[in-house]
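Q: Those letters in the sequence shown? Residues 1 to 199, by the UniProt record's numbering.
These are calculated hints, taken from the structure and not from any lab test.
Be aware that a few hints might be false.
[Stated by the list, open to error] Quick list of simulated restraints, FRET-style, between CB atoms:
| id | residue 1 | residue 2 | range |
| --- | --- | --- | --- |
| 1 | 141 | 34 | 29 to 35 Å |
| 2 | 107 | 16 | 41 to 47 Å |
| 3 | 20 | 49 | 38 to 44 Å |
Glycine included, each C-beta is placed from N, C-alpha and C at the ideal position.
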Amino acid sequence: MNEDAYPSTSTGSSGHDLTLLLLAWKHGDASAFERLAHAVHQEFLRMAGARLRGHDPLTLTRGDVVNEAMLRLMQASTDWQNRDHFFAIASLTMRSVLREHARARLADKRGGQRVQMTLDDEAFGEESMAADLLTLDALLTQLSHDDERSARVLEMSYFNGLQREAIAEVLDISVPTVDRELRFARAWLAEQLGRELQA
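Given these sequences and hints, build the entire structure.
A: See the structure below:
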């Protein structure tokens, strides 16, 4: 495993240490999850920041995303393989958190349980951001149906910040294949959006 696939966490835990914590948690060590959460906190904040890029008006902070994602991961019954697998699933979980929040924001803005009011510029911007996020999520889902591997490579690279070597290990493919799938996925998404995906 490439230990430089992610920036170092604040605790300096290696990928090996995190894998051991995942195994301990899997085998019933309740304290292992707390230690794991502490070890990955800074990296999760970075991941959440990448996911919130361009969507600040959604009234969701990095901490909100991390807390909800950690809660869902704690309740998951995933058979964790290693550190890279854990971070890949965490990224998908954060995507789910943002998608659900965006849908809730749009429902509120369009009536929901609240009295509907005329949208001012700020509110319109918030609704627009939520719609953009849902559009991107829908496109990734569509790409996943057409080419699941390309969609996963894009997901892990762009939204998770996973390095090419780590993506190759998680998906059990070569680094050149990662590069090829990423080029295809970015080109496909740019065509659908009518613009390049910002790095």
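Q: For every hint, state whether the structure bears it out.
A: Status of the hints after comparison with the structure:
For the pair residue 141 and residue 34, the supplied restraint of 29 to 35 Å holds, since their beta-carbon distance comes to about 33 Å. For residue 107 and residue 16, the Cβ-Cβ distance of about 44 Å falls inside the hinted range of 41 to 47 Å, so the restraint holds. Take residue 20 and residue 49: their Cβ atoms lie about 27 Å apart, and the range 38 to 44 Å is violated.
Violated hint for the displayed structure: number 3, the only one.
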